[in-house]
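Following the hints, complete the assembly by docking chain Z with the ligands onto the known chain A.
Residues per chain, in single letters:
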Amino acid sequence: MNIVVCIKQVPDAKSVRYDTEKGTLVREGLEAIINPFDFHALEAGLQLKDAYGGEVTVLSMGPPQAENALKEALSLGADKGILLSDRAFAGADTLATTYTLAKAIEKLGPVDLVLCGKQAIDGDTAQVGPGLAVRLGLPCVTCVNELNLMDDGKTMQVRRVNEDGYDILELEMPALLTVLASINTPRLPSLKGKMRARKAEIPIWNALELGAKPFMVGLAGSATQVVSTWVPTFDARREMFGGSAEEQVDALVSRLKVAGIL
Amino acid sequence: MLKVDTEKCTGCGECEESCTFEAIFVKDGKAVVDQDACTMCGICVNGCPEGALELQVEEGLYATTDLSSWKGIWVIAECRGGILASVTLELLAKARELAGELEAEVTAVLMGRGIESKAQELIFHGADRVLVVDHQELATFTDEVYGNILADLAKRERPEIILAGATAMGRSYIPRVATILETGLTADCTGLDIRAEDKALLQTRPAFGGNLMATIVCPEHRPQMATVRPHVMKADIPDPGRKGEVIRIVPRENLLEHRVQVLKSVNEQTEGSNLGEADIIVTAGRGFEQKENVDLAKELAHLLGGAVGSTRAAVDAGWLSSRTQIGQTGVTVSPKLYIACGVSGAIQHIVGMQGSEIIVAINKDAEAPIFDVTTYGLVGDVKEILPLLTKRIQKERGL
Ligand SMILES: Cc1cc2nc3c(=O)[nH]c(=O)nc-3n(C[C@H](O)[C@H](O)[C@H](O)COP(=O)(O)OP(=O)(O)OC[C@H]3O[C@@H](n4cnc5c(N)ncnc54)[C@H](O)[C@@H]3O)c2cc1C
Ligand SMILES: Nc1ncnc2c1ncn2[C@@H]1O[C@H](COP(=O)(O)O)[C@@H](O)[C@H]1O
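Residue numbers (my numbering), protein chains in the order written: chain A, 1 to 262; chain Z, 263 to 661.
Please keep in mind that the hints were generated in silico from the structure rather than gathered at the bench. What you are looking at is a predicted structure, and each value in this text was computed from that prediction instead of being measured. C-beta: ideal position from N, C-alpha, C; glycine also. It cannot be assumed that every hint is accurate.
[Claimed, not checked] The calculated EDC-like cross-link candidates involving lysine to aspartate or glutamate, where the alpha carbons are at most 20 Å apart (straight line), are:
id : chain 1 : residue 1 : chain 2 : residue 2
1  : A       : K14       : Z       : D634
2  : Z       : K653      : Z       : E554
3  : A       : K22       : Z       : E312
4  : Z       : K626      : A       : E28
5  : Z       : K598      : A       : E239
6  : A       : K257      : Z       : D541
7  : Z       : K333      : Z       : E316
8  : Z       : K645      : A       : D12
9  : A       : K194      : A       : E172
10 : A       : K257      : Z       : E658
11 : A       : K257      : Z       : E284
12 : A       : K22       : Z       : E278
13 : A       : K22       : Z       : D541
14 : Z       : K657      : A       : E247
15 : Z       : K657      : A       : D151
16 : Z       : K292      : Z       : E278
17 : Z       : K526      : A       : E163
18 : Z       : K645      : A       : E172
19 : Z       : K626      : A       : E239
20 : Z       : K526      : A       : E172
21 : Z       : K598      : Z       : E554
22 : Z       : K653      : A       : E163
[Said to hold, decoys possible] Sample of chain A residues lacking proximity to chain Z, with all beta carbon distances greater than 10 Å (derived):
id : residue
23 : R27
24 : L48
25 : D50
26 : G53
27 : E67
28 : S75
29 : R135
30 : V161
31 : E163
32 : A175
33 : L188
34 : G193
35 : V231
36 : D250
Isolated chain A (complex conformation):
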């Protein structure tokens, strides 16, 4: 089974600080991690490989340092990693990102399953998965938290979560799924995996190697543009109530009444 897992390197929430004046992130001290949902996508892929055999390829579009994310994925058991990196990819919105990822997946050859996280925690868009499915002509199910492969080895039953409950859906591979964190518990890297990852070479593909049209990648291929960003200021009226439990409860109730909530 050929499985491709799309992973994105994102800033670690722990390390992110915001500059209220400028309305941007503070770049200093920013640490990068694999998007948390993508760990679950990778784990889902690895579990299928463990059970049915095959190969798991991790794919990421990003700056050169996204290589670290791919290496981490290798240490967890992915068979190969490919980095899509090119100055021309900078400034990509989801439209340009799905185009670029699709070009790479086509270059990889026939694939049975593409897995994405539900969303990336930087942009929180959740658009790349469904968009990529269109580009690849694959059926797509989002927000999956259970995945079972049937005996024929190509029919899947998946559980899609929505506001009212869930649906059980059936579809055949090849397909694309986006997964929730509740689908599994990601494994930890093994020592052997870590060593293999350290030695591994991560090929870097640029726009030319992908055969990507220059006007469809990066900023040029993006339909949306950011006009401004700012840091929202939260209620500055922070108030710590003092006194006994009763007194604190009284104070809270009176504030909530003023706010029109009680």
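Relative to the frame of chain A, chain Z with the ligands by itself:
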């Protein structure tokens, strides 16, 4: 590529200040760009007082020509279990407001099975026209059928703006539509406006779990598409006197093909399923010490007509289902009132709730980081404070 017009540049340093990526700096009195670090986000371009910066796109544009031939605002109605989603009505009110500025018509698109009777409700809430697609294949939701029909309609009718709810369904198939139409889509918006000078749709949304807000436009592609968070906009009171046109659409056969079968749909109003739409959330963290105590949070949530949320620690302890988890790997919420009980305030939790209007925290540790983001802080044991609070509110309500 980001280009500096050295004639215009005065070396004032505004750009250096505004760059998140340290990609532009002043050297010898002129701005210099580190092209490798630059992500071409455009923030410095907008901030340059001299207009000396420009993002240059190397080659032709994959843009929609003749933007002016795209007219009207579409609201994609969502009907679940025979009821119109509240966000649909909220969007109709917003669409009316935008339509006033654009002098445009508001069209609602209603897809499903046996849903035609909802068309009037959409008109009462602000639609001038309703396109109804009522078909057996739409009885259950699949991305392909819903997405392909909507994309096909949009290609033929050319609306200027398409708005949909940022619900599980909307966030699943609307990106499909945007990709088919090769246009931009802004997810999970909390604000929509029309820019005065060029009538562009200004789409405002949170990123980084609500820690950063961004306003986004889609300048050269049509339609301009956005999904909008439920409960941030206000629906209008329905006007039963409003008149509108109902147009039935019969979808072409090839649009009804799909490769995903819905075997069953389970309605399971469990804990957590309505977190995203709740106005009040009471969250239980590890501070509850044991499962039985979590009932205190449930009782308060029930009394307030709200939902129960959890931290990952509470989920890991097996006290609440993972669907109630709020934060980086759970749900992002922004209710009117958020009560965090026995929650330390780890950053992975905070990013999922920081956008709440009023945040209350109850924690026995006065130094807990959760207090850094709270509006009102109570220091004490949840086992003591929660029963008191519940009783006090019951009394308040005359219960
Ligand atoms: C990649 C990643 C993703 C994560 N995603 C999430 C996420 O989405 N959501 C999430 O919540 N976490 C997430 N976490 C975990 C997060 O880092 C914290 O571990 C978690 O939020 C802590 O939960 P807690 O506040 O309930 O528990 P603790 O940190 O143990 O805090 C318990 C608090 O309760 C107080 N307390 C104890 N007893 C009482 C009492 N009797 N009365 C009152 N107060 C009391 C204590 O003072 C303490 O402050 C993630 C972590 C990682 C690494
Ligand atoms: N640059 C990227 N490289 C690889 N995968 C990505 C990239 N951006 C997004 N993805 C995938 O798409 C999912 C959703 O991302 P988003 O639509 O940005 O919220 C992520 O969880 C990843 O699986």
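**OP:** May I ask which of the numbered hints given earlier this structure violates, with the numbers listed in increasing order?
**Re:** 4, 7, 8, 9, 11, 13, 15, 18, 21, 22, 23, 29, 30, 31, 32, 35, 36
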